[in-house]
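**Q** These are the residues of each chain, in order.
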Amino acid sequence: MADLNDGRLDLRRSRGRFLAFAVITVLILAALGGRMFQLQVLGGEDYARRAAADRTVEVPIAAPRGLVFDRQGRPVAVNTPSWTVKIRPADLPEHERRRVLARIARLTDVPASLIDGRLSAFQGSPFDLVPVLRGVDREAALIIGEESESLPGVVVEVDAVREYLDEAGAPNGELLAHILGYTGPISREELGARQAGDYLRDDVIGKSGIEASFEAELRGIPGARLMERDASGRLLEVIETIRDPVPGDNLMLTIDADVQRLAETALTWGMDVAGVSQSVIIVMNPQTGEILAMVSLPAYDNNLFARGISIDDFSIYLADPDRPLRNHAIADIYPPGSTYKLVTGIAALEEGVTTASRKWPTYGCYQIPGAPEGECLFDWNRQGFGPLDMVDAFAKSSDTFFYQMAIGTGIDPLAEWAHELGFGARSGIRLPGEEPGIIASTEWARQQGRSGVFTGELAQAGIGQNVIAVTPLQVLNAYAAVANGGDLMRPMVVRGETDAAGQLVREYAPERIHAIDADPSTLQTMRIGAREVITSGHAYNIRDLELPGALSGKTGTAEFGELTEEGTLPFHSWFVAYLPSSAGATDAELAVLSFNYSAVVPGNVSAEVVKYFLQLHYDLDQDLRLDPNDFSLVTAN
Amino acid sequence: MGVATATLVDSVKDRGWRHFDLQLLLYVLLLIAVGVVMGYSAAFNTEAGATAGMSQTVKTVIWATIGLTLFFVASSVDYHWLRTLAAPIYLVVLGLLTLTMLIGTNLFGAQMSVTVAGLDFQFSEVSKVLMIAVLAAYLAGRRERIGRLGTILVAGALMALPTFLVFRQPDLGTALVFVGILVGMLFLSGASLGWMGLFAAAAIGAAPIAVGMLHDYQRQRLFCFLDPYADPQGACYQLVQALNAVGSGGWLGRGLTVGGEGQRGYIPVQSTDFIFTVVAEDLGFVGGTIVLTLFGLLVWRILLIGWQAQDAFGMMIAVGLASMIVFQTSVNVGMVIGIMPVTGIPLPFVTYGGSSLISLLFGMGILQSIRMRSHKPTL
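Chains as they are written, first to last, in my numbering: chain A, 1 to 637; chain Z, 1 to 379.
Calculated from the structure, these hints are not laboratory results.
It is possible that some hints are incorrect.
Lysine to aspartate or glutamate pairs mimicking DMTMM-like chemistry, simulated, CA-CA at most 25 Å apart [to be verified]: (1) A:K207 / A:D137; (2) A:K207 / A:E174; (3) A:K359 / A:E457; (4) A:K207 / A:D320; (5) Z:K59 / A:E189; (6) Z:K59 / A:D91; (7) A:K207 / A:E190; (8) Z:K59 / A:E96; (9) Z:K59 / A:E94; (10) A:K86 / A:E58; (11) A:K86 / A:E146; (12) A:K359 / A:D389.
Could you build the full structure based on these sequences and the hints that come with them?
**A** In structure tokens:
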């Protein structure tokens, strides 16, 4: 080759550098070819195998969630098909996103921003299907399915969702909402708290009620199948089923949906006539601790949650001052008022403060020992009842009698007896959110930076005021323990599990927490007293109910807060009763408690509610309901 | 010296057309054909199926037609107009890249194209060819001062502005191509090897700083090639799938349009930057080697045109285009087979995309123009 630089004014071109450039190019291409040889020829099989492994994917098969049946075998929580719109982000081109989401939003009548938010919040692989809308109605689901050509990345799938039924099989979740709770999509925190692989990102988990507390039993074991996926990760066909899913166990409740409905009817009536906005009624078998009904009002519609509750609906529940999402029977604590005199009476008898027959004077206003002259605590009638023994004092609910009992017993023995009767500790009912309550003691006072409890507080503790706070379930359970002869039972809501074929796989036997360490005669005295409350006390005409047994029980009120316009304090009203065959007998199989928060009518709404419930439950021809507005309640302490 | 105003008709009569490099055109057409077939094969099994493959093919044919027209126009016109207009061209490049940065549409998170009359046009593609002309004009004018430090500094400064603009889009790949073009052209222009070595050493020393300026996703993808299986589902997903696809090709490949059975469907953006995985999987080692050989032959023709160019300007344009093609090919293929970091650099002529194809054919047209006006048209 001639030297082309000859006669040029231009740059000299360097043969060496051109050669070097060519050599480098050849070396690079050779290196690329060598690497391809290594990948394709030497390692080809290896990569082909790896590629094949990538083409299949193990897909979980959801296990059908266990059903829930009531005491009589009626289904109250079932699974129904629901259409879910899912989006695979990798298949949804960015420039189409706005149009596609807007179309779905229009078809399903939800804001596009909601869908966009859910899609953006998803953090998994872009090849995962992200559920963006659950509970889509059938028509919208079908249209979306038909338009799939123009909605890239959008898939409509049928999922099973929970449906909660009432006693008639209608989808009215409110009846049992606080018992059953609800399921919902697992949150990131819940997912993180569980073992990897147990739950999937878009899995469903029990959030509340027995759906949460029996999650392990209800969930079952998911199966798995090997599926082929296509180029973009879309699932094509099942290659094999690796594991069949094991359905969750069905639960049999102790709750009787019929009884639940009657209890709810009675309570709703009482709330209406007395203008109460927060109430509880619990029905239990005192022999076993089985809860037959537990109603906390206001309730919420758990079907809204199961279908995926909207933010608006959820905000309404959260903003409601009566807290419909909480089960007031176990999750909230209130002063028990006179119902707590059961504890004070047992403690005084057991600690030798008094005997069953010893009479004590009662006062219009009881002078607290050691306090300045004139600092006294009134009896509820402000005049006293003359000398009373335990049974009469319990029947008349004399406050000044029980002040003396409490002061004689002392705060710590009183607290111990409260614990003995199940107060101050969770009962262990298998429902989430139970509160232990507050029982005043020296230890409790010290935690508040005081050396001990004042005598005035001790007297107040004796009548369940001020320094005592309990759950309605605890009150009922304490009376049930006395009613059954001294066994503190663990309240239960589920009595058995059956498998998918209906075979009983597990039975929950009644469980005794402990036997109450009191002399049988002490408990007998209190049972007689409880019977006297009905027959000669001031429970009014409830004694006239023609019941198949000797109804026994106790009223209670606890004042709190500030004076109303009428000059009375708002108060909680309580009524707890059980039905033995005869006075003092320990064979009662029914105990009922009603609690009404903040009534300002004069009567004891709770006693009316229980009365009405008993009329309904025993199908009595009588209707002895009184209008609580028409009689003086201060007398119904 | 050719006549800048020569018309196509006039120039056909010109003896220059007898020196038209048919080999160059042949290799280019073969590579475009590979792109069309592979693009069709890649799209064949996507959701829209063969229809999409066909519309992609039709588009490529339209672009190739536009590109070839431009190719013949550029061939027939004396390439020196580029030298005359070097300064305005430079300003136009800066203007276009700034425009792209400001109003560009969003493609996978990066501002990379401007939509003109419905056609997405990536100015960064054509700016690569134009920048080669600008640098060639500058370097050719350095003559005996080529060996001085100033050559490297000024050439570097000229290239730094557009590089910065595309880097900010962010289009790391094109920014790197600019650097590759600069290095290749400086080397073949006869710039001082000592100074170049020193700058190279400084660049390597400064590499950690540059890496620190990258976006997280760029950095993750960049380092995947060191250990792709460290994060096979995340940042390295593409690379792992690409390796599996290439590996499963074997000697002769799995055949065209194997689709659902094929592996490459798992590779996002496969008809663009990862097109070589389709070549490797469908046509195997043999097919891949043939494509690499085509690139080798093409570069050989370009270097030959450069060596025989009638002046340094023509030579520098040729070596610039050679540098660009060598750089893009080695980084693109190297990325797909896991020996280079993953960056968005298209495979010349093969990767689906109108801007790239039209720009390259324009560049090849300039080469023909150089070839037809060379001092000694034969070996």
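**Q** All the hints need checking, so say for each whether the structure fits it.
**A** Hints, verified against the model:
Under the criterion of a C-alpha separation no larger than 25 Å, the hint pairing K207 (chain A) with D137 (chain A) is consistent with the structure, at around 24 Å. Taken as a hint, the K207 (chain A) and E174 (chain A) pair is honoured in the structure, with Cα atoms around 16 Å apart against an allowance of 25 Å. Between K359 (chain A) and E457 (chain A), the direct Cα distance comes to roughly 24 Å. Compliance with the 25 Å bound is thereby established for this hinted pair. About 20 Å separates the Cα atoms of K207 (chain A) and D320 (chain A), which keeps this hinted pair within 25 Å; it holds.
Between K59 (chain Z) and E189 (chain A) the CA atoms are separated by roughly 49 Å; this puts the pair beyond 25 Å, and the hint is violated. Pair hint K59 (chain Z) plus D91 (chain A) holds up; C-alpha atoms about 22 Å apart against a cutoff of 25 Å. Using a Cα cut-off of 25 Å, the hinted pair K207 (chain A) and E190 (chain A) holds, with the two alpha carbons roughly 10 Å apart. In summary, the hint linking K59 (chain Z) to E96 (chain A) is supported, as the alpha carbons are separated by about 21 Å, within the 25 Å threshold.
For the suggested pair K59 (chain Z) and E94 (chain A), the alpha carbons sit about 21 Å apart, so the restraint of at most 25 Å is met. For the suggested pair K86 (chain A) and E58 (chain A), the alpha carbons sit about 19 Å apart, so the restraint of at most 25 Å is met. Taking the CA atoms of K86 (chain A) and E146 (chain A), the gap is about 15 Å. The hint holds against a cut of 25 Å. For the hint linking K359 (chain A) to D389 (chain A), the alpha-carbon distance of about 4 Å falls within 25 Å, and the restraint holds.
Comparing the model with each earlier hint shows a violation of hint 5 alone; every other hint is respected.
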